[in-house]
Amino acid sequence: MARKKTIRTIPQSRTKAREQAPQERVRNFSEVALVYRTEEAAVEAERCLMCPDEPCIKGCPVGIDIPAFIERIGQKDLRGAYDVIAETNLLPAVCGRVCPQENQCEGVCTVGDSLEPVAIGRLERYVGDAAIANGWVNIPYIQQNGFRIGIVGSGPAGMACAADMAKAGCDVTVFEAFHQPGGVLRYGIPDFRLPNEVIDAEIANLRKIGVRFECNTLVGRLFTIEQMVDELGFHAVFIGTGAGYPSMLGIPGDSLNGVLSANELLTRCNLMRAKDFPSYDTPMPLGKRVAVIGAGNTAMDAMRVSLRLGAEKVYCVYRRSRTEAPARAEEVHHAEEEGVEFHWLTAPVAVLDDGKGGVRGMRCIKMELGEPDASGRRRPVPVAGSEFDFETDQIVYAIGTNANPIIGQTSRLRLNQRGYIDTDPDLATSVAGVYAGGDIVTGAATVIEAMGAGRKAARSMKAYLGIRDAEAAEAGPPIFGIDARERNFVRVRA
Amino acid sequence: MNSDTLSRFEIVARQDFSDVTYLLEVRHPLMAKAARPGQFVIVMAHEHGERIPLTIADYDRARGTITLVIQAVGKTTREMQQNCKLGSTLYGMVGPMGIPSVTSHARKVICVGGGLGVAPIFPQAKAFKENGAYVIGVLGFRSKSLVFWEDKFRACCDEFIVCTDDGSAGIKGLVTEGIRLALAKHADIDEVVAIGPPVMMKGCAEATRERKVRTLVSLNPIMVDGTGMCGGCRVKIGEEVKFACVDGPDFDGHKVDFDDLMQRLRRYKDEERAALERWSESCRLMNQEPVLPLTGS
Numbered sequence: 001m002a003r004k005k006t007i008r009t010i011p012q013s014r015t016k017a018r019e020q021a022p023q024e025r026v027r028n029f030s031e032v033a034l035v036y037r038t039e040e041a042a043v044e045a046e047r048c049l050m051c052p053d054e055p056c057i058k059g060c061p062v063g064i065d066i067p068a069f070i071e072r073i074g075q076k077d078l079r080g081a082y083d084v085i086a087e088t089n090l091l092p093a094v095c096g097r098v099c100p101q102e103n104q105c106e107g108v109c110t111v112g113d114s115l116e117p118v119a120i121g122r123l124e125r126y127v128g129d130a131a132i133a134n135g136w137v138n139i140p141y142i143q144q145n146g147f148r149i150g151i152v153g154s155g156p157a158g159m160a161c162a163a164d165m166a167k168a169g170c171d172v173t174v175f176e177a178f179h180q181p182g183g184v185l186r187y188g189i190p191d192f193r194l195p196n197e198v199i200d201a202e203i204a205n206l207r208k209i210g211v212r213f214e215c216n217t218l219v220g221r222l223f224t225i226e227q228m229v230d231e232l233g234f235h236a237v238f239i240g241t242g243a244g245y246p247s248m249l250g251i252p253g254d255s256l257n258g259v260l261s262a263n264e265l266l267t268r269c270n271l272m273r274a275k276d277f278p279s280y281d282t283p284m285p286l287g288k289r290v291a292v293i294g295a296g297n298t299a300m301d302a303m304r305v306s307l308r309l310g311a312e313k314v315y316c317v318y319r320r321s322r323t324e325a326p327a328r329a330e331e332v333h334h335a336e337e338e339g340v341e342f343h344w345l346t347a348p349v350a351v352l353d354d355g356k357g358g359v360r361g362m363r364c365i366k367m368e369l370g371e372p373d374a375s376g377r378r379r380p381v382p383v384a385g386s387e388f389d390f391e392t393d394q395i396v397y398a399i400g401t402n403a404n405p406i407i408g409q410t411s412r413l414r415l416n417q418r419g420y421i422d423t424d425p426d427l428a429t430s431v432a433g434v435y436a437g438g439d440i441v442t443g444a445a446t447v448i449e450a451m452g453a454g455r456k457a458a459r460s461m462k463a464y465l466g467i468r469d470a471e472a473a474e475a476g477p478p479i480f481g482i483d484a485r486e487r488n489f490v491r492v493r494a
Numbered sequence: 001m002n003s004d005t006l007s008r009f010e011i012v013a014r015q016d017f018s019d020v021t022y023l024l025e026v027r028h029p030l031m032a033k034a035a036r037p038g039q040f041v042i043v044m045a046h047e048h049g050e051r052i053p054l055t056i057a058d059y060d061r062a063r064g065t066i067t068l069v070i071q072a073v074g075k076t077t078r079e080m081q082q083n084c085k086l087g088s089t090l091y092g093m094v095g096p097m098g099i100p101s102v103t104s105h106a107r108k109v110i111c112v113g114g115g116l117g118v119a120p121i122f123p124q125a126k127a128f129k130e131n132g133a134y135v136i137g138v139l140g141f142r143s144k145s146l147v148f149w150e151d152k153f154r155a156c157c158d159e160f161i162v163c164t165d166d167g168s169a170g171i172k173g174l175v176t177e178g179i180r181l182a183l184a185k186h187a188d189i190d191e192v193v194a195i196g197p198p199v200m201m202k203g204c205a206e207a208t209r210e211r212k213v214r215t216l217v218s219l220n221p222i223m224v225d226g227t228g229m230c231g232g233c234r235v236k237i238g239e240e241v242k243f244a245c246v247d248g249p250d251f252d253g254h255k256v257d258f259d260d261l262m263q264r265l266r267r268y269k270d271e272e273r274a275a276l277e278r279w280s281e282s283c284r285l286m287n288q289e290p291v292l293p294l295t296g297s
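Sequences listed follow chains A and B, in order.
Position 26 (the first sequence) corresponds to 26 in my numbering; numbering is contiguous.
Position 168 (the second sequence) corresponds to 168 in my numbering; numbering is contiguous.
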């Protein structure tokens, strides 16, 4: 028994992950952050205090048993660490990379009270990558129950829901409108943050537990939600179609040819592989000077993609200050390192025409911060007379999205005032047996929140179908002296 | 549900109308069941291909097929013309997309198709007829040799006007000439539906504007996903910005900003030309290959 670790005895600073140098990586689409080496992971695992109150688990939207997997890393039992994670999260290589850990598990880590928090995300990725490299998959013993589940959308919410329903013994089919599954992981998040091979590997794991993926299927038009229940024989349906319909600013010049949404830029580049044009057919010519409007993660991705597609200069234009920027701190930092020029407290008022249908520049106005608004962020107020012109030939809007109208147009599901699907706290929609979660319910949020919603909906669907759920024991008292936490043994097929 | 039905898109018939226009009938029973007039699909010919929108020109629920009529204008459509043979499959086909056209209300309509637009206007003309309307078909072609589907239209139109640019078939002139003739003859036209190149649809809208005859056009902007998530297909309708893929593709022709649409259609013209040239060059080289060893032997 090792002596008890204290805040004084652990390594005081967080183990840095090696990264590609900025001047190097800005010319390629390979991953920026490299995975921990074995010894690096061991040192970082040593920093976990194994707190009895486990705040990190509560900080994780899917409730991964974080101290348990870190302990196994410390014991060099990587397979064991993977099994712990896989009980609650089938996509560790994805989540370890893209979760905003500073607001979740790492944000509440006890070590973080006095030192840098334990690098939980990097450790999770380390385990996830090892699982992919070794072909590990945690296939539980599944007893088929005859229920058929239809899942609309193959993004993080749909994948998480599919995994839970398949493990519960249901026959699960995931419908995807694009020709490849993955949702935002595929079309949105670029390869230098999340390589396609990682998504492929995680989806292959879902296939191994029996989940079927039907691509090229636009639910709401090829068949409706109601038809899925009535004619196609699905006993329950989950809708995880995400946040579509990008917002435009509605300023003069919006429709000029040099203006596009970040979704279009990222879809062309990532899913359609315009970055490999002409060996792939979809073009994405970019201007020399690209201005990206917004400062969320989508904006950071759009900026960094633009640099890699060959833009000479990339600007970030955001109407609030750096403090209010919604992007992960690490993403802003990476964008800065790569040479993005930030214009805080600046808002566009018009796109300027080059006379040939393209963009010659943008008229902006300086802002200052006023009182906090409903979201708690300080409201930007224009500074009178501070307009100035800005030379740019490409403008990318990354200012958020609105609800996609397709499901609303073709089903009788109740929507809220903003057009998102209305659900009760259990994520049930107004149609019996139909559940919804992720961005189509909450508006744009994070990958892990969508996964959390997918799992929550799965729990509700199991209750609706009368499937007894082992997880229900989670909340209950110890039975026959066995701690509820020991529920986690899983019967694993060889 | 058999997973086969959703992921294999077999070409079960092909017909060539001219050296640039060809028809593909593709098996997809669920889509044949769901498709309505006015809707479109997005097709990917192969794994490295781009996604292109094509209007559904016909559907046969009994055969479980939909029909696409394609004009070879650029790299993708020419490549498909070369490779999409009977029995081959498309890599991807998704739809039916867009809001179906409303064909139940009008008593007397003019259905206008120009060039390739002749094909997608057919399901609308047929639906109007089935709903009891008096249908006047106005079809425009450059010349007689390009005329197709005359028999199909005659079967569902009460009156039928063919216009050719050179007068080699029907009346000489543009489809707007046909619209003027029809409007002059009938005072009680409820609606005009026009599908074709943007400049033609713009002309149709102008031809009916004065008489204030409701005129619907089917817009064809550049699309990527076709599901409303990228906004590449945004169009100006009066003061509003709409996404043609989910809010359309049908819009009130009198409100559409056609100049904006045409400007945005030219967005990638350099890349399109380069892609076509590169492909044509590679075809030329490929075609030479069998010749070389022969001359050597």
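Think of the hints as simulated: they come from the structure by calculation, not from any bench.
Don't be surprised by glycine CBs; every beta carbon is placed ideally from N, CA and C.
Hints are not guaranteed to be accurate.
Said to hold, decoys possible - In the BS3-like style, the derived pairs of lysine-lysine whose C-alpha atoms are separated by at most 30 Å in a straight line are:
1. A/Lys-366 to A/Lys-275
2. A/Lys-356 to B/Lys-255
3. B/Lys-108 to B/Lys-212
4. B/Lys-269 to B/Lys-242
5. A/Lys-288 to B/Lys-242
6. B/Lys-269 to B/Lys-255
7. A/Lys-288 to B/Lys-172
8. B/Lys-236 to A/Lys-356
9. A/Lys-356 to B/Lys-185
10. B/Lys-172 to B/Lys-242
11. A/Lys-288 to B/Lys-255
12. B/Lys-185 to B/Lys-269
13. B/Lys-126 to B/Lys-269
14. A/Lys-313 to B/Lys-269
15. B/Lys-108 to A/Lys-275
16. B/Lys-85 to B/Lys-108
17. B/Lys-152 to B/Lys-126
18. B/Lys-108 to B/Lys-255
19. B/Lys-212 to B/Lys-185
20. B/Lys-85 to B/Lys-126
21. B/Lys-129 to B/Lys-144
22. A/Lys-288 to A/Lys-208
23. B/Lys-212 to B/Lys-269
24. B/Lys-33 to B/Lys-144
25. B/Lys-185 to B/Lys-242
26. B/Lys-144 to A/Lys-356
27. B/Lys-152 to A/Lys-275
28. B/Lys-255 to A/Lys-366
29. A/Lys-16 to A/Lys-76
30. B/Lys-242 to B/Lys-255
31. B/Lys-172 to B/Lys-144
32. B/Lys-108 to B/Lys-33
33. B/Lys-144 to B/Lys-85
Claimed, not checked - Simulated DEER-style distance windows between Cβ atoms:
34. B/His-46 to A/Glu-371: 22 to 30 Å
35. B/Val-20 to A/Asn-402: 34 to 42 Å
36. B/Ser-143 to A/Gly-339: 51 to 59 Å
37. A/Pro-285 to B/Arg-8: 41 to 49 Å
38. A/Lys-356 to B/Asp-151: 16 to 24 Å
39. A/Glu-330 to B/Gln-263: 53 to 61 Å
Each hint, compared with the structure:
1. A/Lys-366 to A/Lys-275: Violated, at about 34 Å.
2. A/Lys-356 to B/Lys-255: Satisfied, since the Cα-Cα distance of roughly 23 Å is no more than 30 Å.
3. B/Lys-108 to B/Lys-212: Holds, at about 15 Å.
4. B/Lys-269 to B/Lys-242: 23 Å, holds
5. A/Lys-288 to B/Lys-242: 29 Å, holds
6. B/Lys-269 to B/Lys-255: 26 Å, holds
7. A/Lys-288 to B/Lys-172: 48 Å, violated
8. B/Lys-236 to A/Lys-356: 18 Å, holds
9. A/Lys-356 to B/Lys-185: Distance ~42 Å between A/Lys-356 and B/Lys-185 Cα, so the pair is violated.
10. B/Lys-172 to B/Lys-242: Measuring from Cα to Cα gives roughly 36 Å; hence the hint is violated.
11. A/Lys-288 to B/Lys-255: Violated, at about 35 Å.
12. B/Lys-185 to B/Lys-269: 41 Å, violated
13. B/Lys-126 to B/Lys-269: With Cα atoms ~35 Å apart, B/Lys-126 and B/Lys-269 exceed 30 Å; violated.
14. A/Lys-313 to B/Lys-269: Holds. A/Lys-313 to B/Lys-269 sits at ~24 Å (cutoff 30 Å).
15. B/Lys-108 to A/Lys-275: Violated: B/Lys-108 and A/Lys-275 sit about 51 Å apart, past 30 Å.
16. B/Lys-85 to B/Lys-108: This hinted pair is violated, its Cα atoms lying about 40 Å apart.
17. B/Lys-152 to B/Lys-126: Holds: B/Lys-152 and B/Lys-126 sit about 9 Å apart, inside 30 Å.
18. B/Lys-108 to B/Lys-255: 22 Å, holds
19. B/Lys-212 to B/Lys-185: With Cα atoms ~16 Å apart, B/Lys-212 and B/Lys-185 stay inside 30 Å; holds.
20. B/Lys-85 to B/Lys-126: 28 Å, holds
21. B/Lys-129 to B/Lys-144: 26 Å, holds
22. A/Lys-288 to A/Lys-208: 45 Å, violated
23. B/Lys-212 to B/Lys-269: Violated: B/Lys-212 and B/Lys-269 sit about 35 Å apart, past 30 Å.
24. B/Lys-33 to B/Lys-144: 34 Å, violated
25. B/Lys-185 to B/Lys-242: Given pair B/Lys-185, B/Lys-242 is violated - Cα atoms ~35 Å apart, limit 30 Å.
26. B/Lys-144 to A/Lys-356: Given pair B/Lys-144, A/Lys-356 is violated - Cα atoms ~37 Å apart, limit 30 Å.
27. B/Lys-152 to A/Lys-275: 44 Å, violated
28. B/Lys-255 to A/Lys-366: Since the Cα atoms of B/Lys-255 and A/Lys-366 sit roughly 35 Å apart, the hinted pair is violated (cutoff 30 Å).
29. A/Lys-16 to A/Lys-76: Holds: A/Lys-16 and A/Lys-76 sit about 20 Å apart, inside 30 Å.
30. B/Lys-242 to B/Lys-255: Since the Cα atoms of B/Lys-242 and B/Lys-255 sit roughly 12 Å apart, the hinted pair holds (cutoff 30 Å).
31. B/Lys-172 to B/Lys-144: Distance of about 11 Å is within 30 Å: holds.
32. B/Lys-108 to B/Lys-33: Holds, because 27 Å separates the two Cα atoms, which is no more than 30 Å.
33. B/Lys-144 to B/Lys-85: 26 Å, holds
34. B/His-46 to A/Glu-371: 22 to 30 Å: 56 Å, violated
35. B/Val-20 to A/Asn-402: 34 to 42 Å: 40 Å, holds
36. B/Ser-143 to A/Gly-339: 51 to 59 Å: 56 Å, holds
37. A/Pro-285 to B/Arg-8: 41 to 49 Å: 34 Å, violated
38. A/Lys-356 to B/Asp-151: 16 to 24 Å: Violated - the Cβ-Cβ distance for A/Lys-356 and B/Asp-151, about 45 Å, lies outside 16 to 24 Å.
39. A/Glu-330 to B/Gln-263: 53 to 61 Å: 40 Å, violated
When each numbered hint is compared with the structure, violations occur for hints 1, 7, 9, 10, 11, 12, 13, 15, 16, 22, 23, 24, 25, 26, 27, 28, 34, 37, 38 and 39.
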